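UniProt numbering applies: residue 1 is where the sequence shown begins, and numbers increase by one.
Everything labelled a hint here was simulated from the structure, so no lab data went into it. Please note that a few of the clues may not be correct.
Derived Cβ-Cβ restraints for the label pairs, each shown as a range [unchecked claim]:
{"#": "1", "residue 1": "Arg236", "residue 2": "Ala341", "range": "43 to 49 Å"}
{"#": "2", "residue 1": "Leu707", "residue 2": "His686", "range": "45 to 51 Å"}
{"#": "3", "residue 1": "Pro501", "residue 2": "Tyr33", "range": "25 to 31 Å"}
{"#": "4", "residue 1": "Arg534", "residue 2": "Ala341", "range": "49 to 55 Å"}
{"#": "5", "residue 1": "Gln140", "residue 2": "His161", "range": "41 to 47 Å"}
{"#": "6", "residue 1": "Ala248", "residue 2": "Ala443", "range": "50 to 56 Å"}
{"#": "7", "residue 1": "Pro230", "residue 2": "Val514", "range": "44 to 50 Å"}
{"#": "8", "residue 1": "Ser433", "residue 2": "Val514", "range": "48 to 54 Å"}
{"#": "9", "residue 1": "Glu612", "residue 2": "Arg286", "range": "53 to 59 Å"}
{"#": "10", "residue 1": "Ile506", "residue 2": "Ala248", "range": "48 to 54 Å"}
{"#": "11", "residue 1": "Ser440", "residue 2": "Ser84", "range": "39 to 45 Å"}
{"#": "12", "residue 1": "Ala172", "residue 2": "Thr242", "range": "29 to 35 Å"}
{"#": "13", "residue 1": "Gln91", "residue 2": "Thr571", "range": "52 to 58 Å"}
Given the structure is predicted, the values throughout are model-derived calculations rather than measurements. Even for Gly, the Cβ is constructed at its ideal location relative to N, Cα and C.
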Amino acid sequence: MSTVIIIGGSVAGLTLANILERYGIEYILLEKYNAIAPQLGASIGILPYGSQVLDQLGVEERVSSICERVETMQIFGPGGQCLSTEPGFGQLLADLTGYKFSFLDRRELIQALYENLRDKSKVHVSKELVKIDRLDGEVQVTTKDGTLFKGDIVVGADGVHSQTRLEMWRIADSEDAAITCTYKCMFGIADCPEDMPKETGFKSYHKNRSYLCQSGREGKFYFFAFIKNPQKTVGRSIPRYTAEDERAVVDEYGEDIIRPGVTFGNIYKRRRHAVLVPLQEYVLDRCFYKRAILIGDSFHKFNPLTGHGGNSAIEDAALLGDLLKEALHKDPHPMTTTIEAAFADFQRKRRPRTKLLQDGARSLQAVEALENPFLEFMALRVMGKMSIDKLAPRFAEVCSPGHILRYLPGPSRRGVVARDEDIVAKPSQRALSATVVWVSIMASTVGLSLFAGRHGRIQDETGTLSDMLVLLLQLYTFMLTVAVNTLWTVESYRPSCFLGPMHSSIPYILACSVIGWEITLPTYFILFIGASRRGSFYYPDPRAIDIRAAEFLPTALLITYIPPISWALITSGGSPAATRWAFTAAHLTLPMVTHLGLKLSKKDPPKSNVSELLYGHRDIPYLLKTYNLIIFAAASLHVLILGQVALQSPDMNTLAMAVFPTIGAQSMALSLAIMVWCFFTSWDLHRTCIIRTRYVFDLCYFCMSFLTLGPAATLMSMWKWREIALENSRRP
Numbered sequence: 001m002s003t004v005i006i007i008g009g010s011v012a013g014l015t016l017a018n019i020l021e022r023y024g025i026e027y028i029l030l031e032k033y034n035a036i037a038p039q040l041g042a043s044i045g046i047l048p049y050g051s052q053v054l055d056q057l058g059v060e061e062r063v064s065s066i067c068e069r070v071e072t073m074q075i076f077g078p079g080g081q082c083l084s085t086e087p088g089f090g091q092l093l094a095d096l097t098g099y100k101f102s103f104l105d106r107r108e109l110i111q112a113l114y115e116n117l118r119d120k121s122k123v124h125v126s127k128e129l130v131k132i133d134r135l136d137g138e139v140q141v142t143t144k145d146g147t148l149f150k151g152d153i154v155v156g157a158d159g160v161h162s163q164t165r166l167e168m169w170r171i172a173d174s175e176d177a178a179i180t181c182t183y184k185c186m187f188g189i190a191d192c193p194e195d196m197p198k199e200t201g202f203k204s205y206h207k208n209r210s211y212l213c214q215s216g217r218e219g220k221f222y223f224f225a226f227i228k229n230p231q232k233t234v235g236r237s238i239p240r241y242t243a244e245d246e247r248a249v250v251d252e253y254g255e256d257i258i259r260p261g262v263t264f265g266n267i268y269k270r271r272r273h274a275v276l277v278p279l280q281e282y283v284l285d286r287c288f289y290k291r292a293i294l295i296g297d298s299f300h301k302f303n304p305l306t307g308h309g310g311n312s313a314i315e316d317a318a319l320l321g322d323l324l325k326e327a328l329h330k331d332p333h334p335m336t337t338t339i340e341a342a343f344a345d346f347q348r349k350r351r352p353r354t355k356l357l358q359d360g361a362r363s364l365q366a367v368e369a370l371e372n373p374f375l376e377f378m379a380l381r382v383m384g385k386m387s388i389d390k391l392a393p394r395f396a397e398v399c400s401p402g403h404i405l406r407y408l409p410g411p412s413r414r415g416v417v418a419r420d421e422d423i424v425a426k427p428s429q430r431a432l433s434a435t436v437v438w439v440s441i442m443a444s445t446v447g448l449s450l451f452a453g454r455h456g457r458i459q460d461e462t463g464t465l466s467d468m469l470v471l472l473l474q475l476y477t478f479m480l481t482v483a484v485n486t487l488w489t490v491e492s493y494r495p496s497c498f499l500g501p502m503h504s505s506i507p508y509i510l511a512c513s514v515i516g517w518e519i520t521l522p523t524y525f526i527l528f529i530g531a532s533r534r535g536s537f538y539y540p541d542p543r544a545i546d547i548r549a550a551e552f553l554p555t556a557l558l559i560t561y562i563p564p565i566s567w568a569l570i571t572s573g574g575s576p577a578a579t580r581w582a583f584t585a586a587h588l589t590l591p592m593v594t595h596l597g598l599k600l601s602k603k604d605p606p607k608s609n610v611s612e613l614l615y616g617h618r619d620i621p622y623l624l625k626t627y628n629l630i631i632f633a634a635a636s637l638h639v640l641i642l643g644q645v646a647l648q649s650p651d652m653n654t655l656a657m658a659v660f661p662t663i664g665a666q667s668m669a670l671s672l673a674i675m676v677w678c679f680f681t682s683w684d685l686h687r688t689c690i691i692r693t694r695y696v697f698d699l700c701y702f703c704m705s706f707l708t709l710g711p712a713a714t715l716m717s718m719w720k721w722r723e724i725a726l727e728n729s730r731r732p
């Protein structure tokens, strides 16, 4: 049986040791310190996707007994003003994932992992790595005291200053220059100030710096101060800090108010342990070489603001443990090529996720440190006051892809958000090349509209059409825009569209009155294609919209659109300009009336049961009723117009003008944009396994529906189909 040499008694290293022990894989662990869990003043937050692996290993119960739960989250501005308080933060995470967020000393977690090992003789302290030899076959590791260890695989879990990484680079004669530093951080543990609420975490925003604090057990108080450096440093130019540097930071920022009555200086004076470090950030392009691989901070390092570092280390260990078990099960003494294939699989799966977490932490730090006026506005006026239902999807986004151990019993707890691997859908980021192709196809419809606009509209031949048919064609065009506006309004309530380009339908309605529907609609679709590229768009981002808006939407449709349609029928179209104005006013009214109905609703607001309202399906009946209303009206009008055209026996030119919702090439472009949109939506749902029909059959259906029901009814039918498919695909 092959032997794995783990370098470093870190969270990653000891988690992997526990996994290998459970899997019956031989290992030894080398720790450079003379104790397995030295007190270095560090704390760690355990997120749900880390907790589920600890649960499988039997460690989570021990961790729960020594940690402090984060039940409430508060945010304070530069002057100590409270921007928001969310007492349901901890319960929300539990509802979504089955686990709460917890804080404890890093050494306590390491000690718990160590004590969970059945055979502790495989853990060796005071064994600092100095050299690795012979990565082609048998691996030899030499420690500082001259001891030689032999094995078959080396796993570097020795942190940000990884000696394993340096040895890999030395042997491979290469070095990754991706390690950068933009912020420094003072973190530590202090005596908890008086009157500090229990089980509460809080953040404080200041110009070019921010603070994260958390109350702890036994009178502890965990704190982090994130301070932006004057300039970014790279690689060997990243500074090391001294006690004098630490003192200078406190002297400069000690008066910062981190919550009413508490300053940074107050906390520092009460410190038990504190240290100032550069915040190195990186995700290596390559994390392995032959039989050596890096996990945890050796492989990737994030700003600790989001708490993903330790949890990603746990997840690294879980995935690597599974891959090693699979490789060694096939061959107890695998060739180097077999090991490299397993390592390449690890890198392929872990690098995109860790890169996403790194970028997210960096972006959040920029906001919380108020790096520029726009981010300051977003932090203090928007995000700082954001209700918890708007933040819930982001929690789900980082937790649902979390890896669990495949060869141990599953986690004991579940939330309403199923893990990615447990659902029908297979969410993944769309390839950039595919996105570019679809955007280009959609953009071509805009080009067609611009070309038609340059050459003028083709005027309708009213002499060949009855007044009734002309009126019906006007209403047909209007019904098409009603379908589009309904889609815009529904999507504006999707949590995944919050603060994005589809956040409101009103800008698009206004744009239509200026540049026309034929240009605005493809533009909206292009933005949607871009926004839906990320892997979490279809899952775990919530599908459901606010139940209050969904319930009122059918009524809003009738209130909004019956008056202008009635007026057009009574006046037989009236003045074209007046008709256009009435139709535009109706379109603007729909989102406003829907929002008013939401505010007047007696149903519970989203805060009352966030997980159910975001991930339930109570909105489905109301949305289907809305879609069915438009399908019935649009299809009926389409059939009526076809009948009128057939009765008049027009020539082919007149028939072509009647088939399309308005007259001319620009209207053809609008209909073409809807057809392309249907094709794209079906393709993207197939790509993510949300639907499993034959794509060619879908295309045939859309074409037949276009001819028999019209573009408006086809658009709503497709969106109804999509709604049901999205809901069904997120179930186990």
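We went through each hint and held it up to the structure:
1. The hinted range of 43 to 49 Å is not satisfied by Arg236 and Ala341, whose Cβ atoms lie roughly 33 Å apart.
2. As the Cβ distance of Leu707 to His686 is approximately 23 Å, the hint placing it in 45 to 51 Å is violated.
3. A hinted range of 25 to 31 Å is violated for the C-beta pair Pro501 and Tyr33, which are about 51 Å apart.
4. A C-beta distance of roughly 29 Å is found between Arg534 and Ala341, which places it outside the suggested range of 49 to 55 Å.
5. Our hint of 41 to 47 Å for Gln140 and His161 is violated, since their Cβ atoms are close to 22 Å apart.
6. The hint said 50 to 56 Å for the Cβ distance between Ala248 and Ala443, and at roughly 54 Å that hint holds.
7. At about 46 Å, the CB distance of Pro230 to Val514 agrees with the hint of 44 to 50 Å.
8. Between Ser433 and Val514 the beta carbons are some 33 Å apart, a value that contradicts the proposed interval 48 to 54 Å.
9. Checking the proposed 53 to 59 Å range against Glu612 and Arg286 shows it is violated: the Cβ atoms sit about 44 Å from each other.
10. A C-beta distance of roughly 51 Å is found between Ile506 and Ala248, which places it inside the suggested range of 48 to 54 Å.
11. Checked against the hint of 39 to 45 Å, the pair Ser440 and Ser84 passes, with Cβ atoms roughly 42 Å apart.
12. A hinted range of 29 to 35 Å holds for the C-beta pair Ala172 and Thr242, which are about 33 Å apart.
13. Checked against the given bound of 52 to 58 Å, the beta carbons of Gln91 and Thr571, roughly 57 Å apart, stay inside it.
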